[in-house]
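Sequence lines, in order, name chains A and B.
All residue numbers for the first sequence refer to my numbering, where the first residue is 1 and numbers rise by one.
All residue numbers for the second sequence refer to my numbering, where the first residue is 1001 and numbers rise by one.
You may find that some hints are simply not true.
[Stated by the list, open to error] Cut-off 30 Å, straight-line C-alpha distance, at most; resulting in silico cross-link-like pairs (DSS-like, lysine-lysine): (1) Lys1022/B - Lys6/A; (2) Lys281/A - Lys322/A; (3) Lys184/A - Lys206/A; (4) Lys5/A - Lys1212/B; (5) Lys1137/B - Lys1003/B.
[Unchecked claim] To be clear about the criterion: a stretch of chain A counts as covered by chain B if any three or more of its residues have a C-beta under 8 Å from a C-beta of chain B, and this derived list gives those stretches: (6) 32–39; (7) 60–73; (8) 98–105.
FYI, nobody ran anything at the bench for these hints, they're computed from the structure.
Since the model is a prediction, treat every value here as computed from it, not as a measurement.
By construction, the Cβ of each residue, glycine as well, lies at the ideal position given by its N, Cα and C atoms.
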Amino acid sequence: MYPFKKMMAGLLSLTLVALLGGCGDRVEPGHLLVVTAVGVTKGDKGKYHFYFEGINPSEFTETKRQSISNSFLFDNEADALSGAISAISQEIPLKPEFSHMQLMAVDRELLQNGDYGYLDFMDRFDQIRNNLTLVAVNGKDLRHVFSTTSPGLTIPSFGILMQLNELHEKVGGNYPTTLLRFMKSLTETGSNPVLPLVQIKNPSEKAETMDYAKELNKQTSMDLHSIAVFREEKMVGELKDLEARNVIVLQNQAKNTIYNYSCSPNKYISIALQYIAVKKKVVYQTDKPILKVYMHATGTINSIQCANYFTGKSKDYIRINKELDKTIEKELASTIDKVQKKYKSDIFGFGEKLRMSDYKKFKEVKDRWDDEFAGAAVEVVVHVNVQRSGIRGEPFMNRIKNKKY
Amino acid sequence: MTKPLYETWDELEETFELTFGKTTDFVKVPVLFNGRKCWILYYSSLVGSSELSSLLMLPFNLHAAKSENVEQFRATALASLNYMYINDWIVIARQLNKNSVCILAEGEQEALTVEIGGYAERSISEPVIQPSIYGPKIAFTESIVTNISILRRVLRTKSLQMESFDTSSDMVTGTVLVYLEDVIEPDLLNEAKRRIQSLEGKKVTTSTHLMKELRDDKKTNFFPTLMVTERQDACIAQLMEGRAVVFIDGSPSGIILPAVFQDFFRSSEDAYLPRPMMIFLRVLRYCAFFIALLLPGIYIGVINYNYEIIPINLAIEIAGLRSNLPFPSVIELLLVEAAFEIMREGSIRMPKIVGNALTVVGALVIGDAAVQAGIVSIVVIIVVAFTGLSSYAFPYYNFAFSVRLLRFIFIGVASMLGIYGVFLGCIILFAYLVSQRSYGYPYLQLNAKRS
């Protein structure tokens, strides 16, 4: 009797494992279509037009390479993202896998209308990571964004991401906003989101083929130096280049950046900043808020074009510190001013700081915070400590100037 | 009162046949001892001819004629030899099986047995299974006497004690329990003695049989609870830590008891290294243990169920390598694992002359051909090779067996339950290990105390 019972228990547990085990969820990597990026624009037939970027994985192996394109683009019109996914599953003999999706590009038009119908699925679907990077795309570029290769990187979405990360790490020019972060700033009062804005510089047909990698003169490239500015969940405009950089610095997201100032007409001093820390504060005096910004950073002299301006003595460092402080203060203040005047949108997160420091006041003003922000006075204090001058003290300009014949 | 050895001298030949059978290596030599009839009996397979002539026959020729009785002859001519007077044929047979020669003279009621020995023995050689760079180049042999001599050469102290037990049914093959009496815990010693004593007369003649009887859990033992070593320094280190060592005649290895999990990660060579290096190596061995045990399982689990946790570049690479392959990844992994295990087993059993060349060539050819033909992916080859190498990283060979077997269980569980299954298996495995005891020492406890 006993062995029989034992056998039955064994059989039962085996059956349970077979039935309850995840054999149905089993996937074979060879039969997967790794989707790395998704793009959304307004559709003609359906509500949206979706673009998916898939990978040709065998192109990344030594033995199975066929020298065809590394990635390919397929598109679909549907009312919802889930519908588009099931439609592509029927078209392609592979199982689409979304867990490695890294980039989502949204057309500017959708953002300007505040249309986020596709985001709930991204938020909900268990395969999609909510730390994927979200970018806005200018104009009708979306199809081209996913088919324009960049030098060295033949998968367009990888190119955009690498460029974006590099831009963020090296000069703080832009910040790769994640889906989670974007949704958080959309839903919270006290700060408005920004998104990196992608556009193609000199678009050309040629750049959309694999042969472009063989070209020496690469005219077409991605321009990632702008950010899209939002006000009340709608995109209202964009900021470019240095202004975009200043926003990233003010958001305290910049790790490194470079500031220049003029030492004599048409001659510049360029300082690289590290260890940038920005503190923001909102103080109410009577009924008007004052936005206070305090920035501290360490600097390294990158280049000095003026002769006899710098000799390596400590008083020269102090002078550079003072000049630089003034320059940055002016730049940051003017950026805040522009955002206040033009967009009336608190993209820096001052409201959040007010909520933390003075919740009573924040509750009072939170419904009209963007207007309060637009009318606020600005105080920027910058303290940069320029400590290093590279491997050279005195610039060689000085020696040219002081050369005796 | 036992029966006398013989009633009449002439009936002795019959008695010999009754006692010793018709075996051809039994030698009976009729000689004359001081004018009396005398038999010299021995096994030609156990007594060397040169030893026999120099130790017994030469003195016999010189002194036998002058001696009045056998005892006088023994005292003058054979004084240096172990001897015994016996009046029981069964005991005589047992003594002859222990390399002795029996001398029975007419008129004497007791037979003299003297130990001659001298059969061909393997000389002391270098350790083969557990080689080391710095340690002594001396390995145990099949002879207990030699093994104990190897130990006492280093542990020259009176506290090195040994007790002999006759574990075979004919009370010939000996088992020796060696310990340091001032270090070993009395409880452990009693338990060890009790277990070996219970084997007396149970026909335990080989090391494997002895190990099976000595270990704690006799049915299911996935992990060894005894250590087997052929190294002198390993044995001495264990003796000094209060362990006991068991030798059995005919086996070139000492069985160390008790042994817990962590002991299998400690090499005797560690003592020669600087402490940071020693710690590094030990951590490395633990890593190798987990790799050898879990890597194929984790591979299957990740590839088939938890594809999302692979970093994207690796994921694309794996997807590319796995595209257009005929088998599912589990079958593929099992095929390569089976090929590897067969190669490993084949290389051990193969004649040494062809062995080395064939394994390397076989591994290279089969692996490369399988990848080239597109039957298996190169990732699987890497996983299996890495796993195989990791399972050689332990200083004790018997520990690797358990890992080898359990690996397949983990592959099976992972193929059904994914990563979750691997960790479920880990939990069950460690629960089992925690419940194990070796001579009362908890198996998974560091610096184990008996409980």
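Evaluation of the provided hints:
Restraint check for lysine 1022/B and lysine 6/A: not satisfied, since their Cα atoms lie roughly 52 Å apart, outside the 30 Å limit. A hinted pair counts as satisfied when its Cα atoms are at most 30 Å apart, and lysine 281/A with lysine 322/A qualifies at roughly 23 Å. Among the hinted pairs, lysine 184/A with lysine 206/A is inconsistent with the structure: their alpha-carbon atoms are about 39 Å apart, more than 30 Å. Taking the CA atoms of lysine 5/A and lysine 1212/B, the gap is about 29 Å. The hint holds against a cut of 30 Å.
Taking the CA atoms of lysine 1137/B and lysine 1003/B, the gap is near 52 Å; set against the 30 Å cutoff, the hint is violated. Counting residues of the segment 32–39 of chain A whose CB lies closer than 8 Å to any CB of chain B gives 3, which reaches the minimum of 3, so the coverage claim holds. Residue count for the segment 60–73 of chain A with a Cβ under 8 Å from a Cβ of chain B: 4. That meets the three needed, and the coverage hint holds. Counting residues of the segment 98–105 of chain A whose beta carbon lies closer than 8 Å to any beta carbon of chain B gives 3, which reaches the threshold of three, so the coverage claim holds.
In the structure shown, a violation is registered for the earlier hints numbered 1, 3 and 5, in ascending order.
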